[in-house]
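Got chain W sorted already, so can you dock chain Z onto it with the hints?
The listed protein sequences correspond, in order, to chains W and Z.
For what it's worth, my numbering labels the leading residue of the first sequence as 1, then goes sequentially.
For what it's worth, my numbering labels the leading residue of the second sequence as 1001, then goes sequentially.
There are no misleading hints in this set.
Which residues of chain W face chain Z? A partial, calculated answer using Cβ under 8 angstroms: (1) E406; (2) S407; (3) S409.
In silico negatives: residues of chain Z with every beta carbon more than 10 angstroms from chain W: (4) L1021; (5) P1077; (6) D1091; (7) L1100.
Calculated directly from the structure, the hints in this document are not laboratory data.
Beta carbons are placed, not taken as given, at the ideal position from N, Cα and C, and that holds for glycine.
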Amino acid sequence: METMNIDDKKEHQLKLLQETVKKAYENVPFYKKKFDEIGVKPEDIKELKDIEKLPFTTKTDLRESYPFGMFAVNEEEIVEIHTTSGTTGKPTVSGYTERDIEIWGEVIARAITMADGTKKDIIQNCYGYGLFTGGLGIHHGGYKLGATVIPISAGNTNRQIEILKDFQSTILTCTPSYAMYLAEVLEKEGIEKEDINLKSGIFGAEMWTEEMREELERKLGIIALNIYGLTEVIGPGVATECKIKKGLHISDDHFYPEIINSKTKKTLDEGQKGELVLTTITREGMPVIRFRTKDITSITWEKCECGRTTPRMSRVTGRTDDMLKIRGVIVFPSQIERALLKIDGLSPNYQIIVTRPGNLDEIEVKVEATESLFSDEMKEMEEIEKNIALQIHKEIGIRVDVSLVESESLPRSEGKAVRVVDHRKFD
Amino acid sequence: MNIKQISVFIENKEGRLKKALETLGNAGINIRALSIADTTKFGIIRLIVSDNEKAKQQLQKDNFIVKETDVIVVEIPDKPNGLSIILDLLDKGEINLEYLYAFTSNKTEQAIVVIKLEDVEKGIKYLEEGNATLLSQEDIDNL
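If we strip away everything but chain W, and leave its shape as in the complex, we get (with noise of 0.2 angstroms):
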């Protein structure tokens, strides 16, 4: 599949497009309505251009579907259910048949295999297990493929190095900056890379950076690649990297991406930075159609050195609802990410408060600080705030007031940070 001709991979996609299109609007009352009120039927399907003729699915309509709206078959039928957090609102529901939850693992097996993974390797999985898709999802990838996948879930770090030690595990599943929190303690409590038997990592869940990915693999001793998904769609394994780092592979053989301008809702060329926009085209338990994701990103169909076929997406960059207007710049906490990586010894925990006290916006960006650069002496330390000041600054051509936290101290959720509170009123 992941080499298929793109011809015939098209006719393969378009087939199941069309039984997706029918299924939902038949199955499910939400996708009937919506059809209708544009009068458009799944017949109109004829080419798989014809999808830009289907309406939007968003997480607003997803929460007002809650719990069980989506599905599109008997609840009989449903075996596993996963939810998104819940920060933003109402958790979004995810509902998945027998076969949904082997497309799943098929699709994170490929992640696992293109991070040179095989049934040999231990997989040391710390994505969150529960309702979080990430642990479940990278534990059905690993059984899929038939690797040892050893369940420890997010948090208890001392119990985390110990089995990285014990285990001798061969791969890393977790959100990069868990990562990064790892190596950090590794590095505190002496423990060499040679200790470990760490090869590769499959990190996401969360935006991160080329700089953090350097950092990463010069601390771990391994070769850090990408995941990208969500739990609206399937959760991790809708695209994955490969080695070659140049971009992730879509699994369109599943997913059926498009790039819009997320002003004007058109379809861009290839190449062109938008909002990214998913279509399920085998998912059974929960089809969605066209789910504007708020992900900013870029597709390639070029062949990938690899020799895969499959599209790639840009590392994510920002989410349209992420973006920033500050003073009326645009800020992406990704530039503010990089900034901070600029500095040594300086954790990429941080958080951005905008505020509005008069007519001007503020910025605040508290950074975790860190043992190796405290100081003593307040000099120092103010020394600190303010090239952490001056390197965003640099990055993103606006003043920022900078505050070193104590460490641990900025809010995490389910492993993802919590980067933007805008406490501005905007009515």
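Chain Z alone, transformed into the frame defined by chain W:
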């Protein structure tokens, strides 16, 4: 004779100083001297304690950022001008003083000053030549 001082980074918000001190208290660590430097956003607690290793370990376990720094501890007569004599000695050696804080003990008539210098070794040399009384870790433990 240099002494290890422990510094702790704390945010300038409710309860953080108390939390750090409780961590030490619960571990049975005695604080000999303490000073706090602060801005509106954060503070640095500087401490001379009875058991550095244990103090450091316990604080780190509670997620505090901790650092050990070399300082010198000098005994000075607890009377007017007592400190000037010491500062004169440092002046002579052109040794920059980063900060200092003082405390007293009921076991001695003297005041005790913790001094952080830019050049600790040179400071010790000048103070010893000037017959100042530098305290060792053992002296401090016995205070």
